[in-house]
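Asks: Sequence:
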Amino acid sequence: MPHPDTTPPGHETAPGPATTPPGRDTFLVTGATGTTGSRLVPRLLALGHHVRAAGRRAPDLPGTEPLAFDWHDPATHDAALRETAGLYLIPPIAAPDPAAVMLPFLARARTAGVRRVVLLSSSAIPAGGPGVGQVHAALPDLFEEWVVLRPSWFMQNFTGNHAHAQAVRTHGTLTTATGTGRVGFIDAEDIAAVAAHALTDSPLPGHDLVLTGPEALTYDEIATTLTELTGRPVRHHPVTRDQFRDHLATAIPTEFATLLADLDHALAHGAGAHLTDTVERVTGHPPLNFRTHVERWCRDNRPQQGA
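In the working numbering, the protein residues as written are 772 to 1078.
Everything labelled a hint here was simulated from the structure, so no lab data went into it. Among the clues, some could well be false.
[What the hints assert, rightly or not] Using C-beta positions, here's what the derived DEER-type ranges look like:
| no. | residue 1 | residue 2 | range |
| --- | --- | --- | --- |
| 1 | R940 | A1037 | 25 to 33 Å |
| 2 | P901 | A839 | 25 to 33 Å |
| 3 | T941 | E836 | 36 to 44 Å |
| 4 | R1070 | D1033 | 33 to 41 Å |
| 5 | R853 | A1044 | 25 to 33 Å |
| 6 | P1057 | Q1014 | 33 to 41 Å |
| 7 | E999 | G931 | 15 to 23 Å |
| 8 | E1051 | N932 | 25 to 33 Å |
Note that beta-carbon positions come from the ideal geometry of N, C-alpha and C, so glycine has one too.
Take these sequences, add in the hints, and give me the full structure.
Replies: In structure tokens, the structure reads:
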């Protein structure tokens, strides 16, 4: 069992800006075309490392080694681990028990000589908690060098391909069970910046890193900012936990929908309001705020004249 950590999550002592270890390491990035992976890959390449970009279909990302990788297909695992120094791991999507497939892979990784593992989890799930929390709890017994990133909810949930963003664009609504609970939403660029340090810094920037943005916002405030900056009306539609579970279960497995509804319910009762300074301490720059995130998204997605 892991030793108890008496340091408050997100408040571990961190070094200054990254000092890249000598040499050219190979890093496996799972979910390399996803929200955080796609932002981490260019950072590792810029540091001079070899990146093995993994996805269900081998991603065609310039400068990387593309790799077809499937958590549920062990036949794809050996190639992922060959001469690999470190792993960036995104748990299998919508899996209620990710430990069932991740722990056997991590045991193979240790045998293969992998030195460092960086796991993406959630600020809402501590070590030993449900889902990926079970993987978090197992890491200290598997590796000496491990980091779990526990970010708050992503700002990209409202501007990317998340169900919330699609509902905003299609219906102008945000349906949640969060009530008036506040959340320290974080930009995925800041998560990727911390992930690059977690993979390459020596010493480690900490083991259990809770990542938030600079402010805790309600979903009503999110809707107001989206309305103001996009010029399209957006309304927060609060529902009960059970209503939200049933809403989600029309598109994802009920067990996973229940987990997400429970997380929303926890947010309604203050679970997401805590802020940390981890991003600035690890990267040297403050985290982006939500208004600036949306302004940048609007600028980058503004229709071209004559289009």
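Asks: Enumerate the violated hints, using their earlier numbering and listing them in ascending order.
Replies: 5
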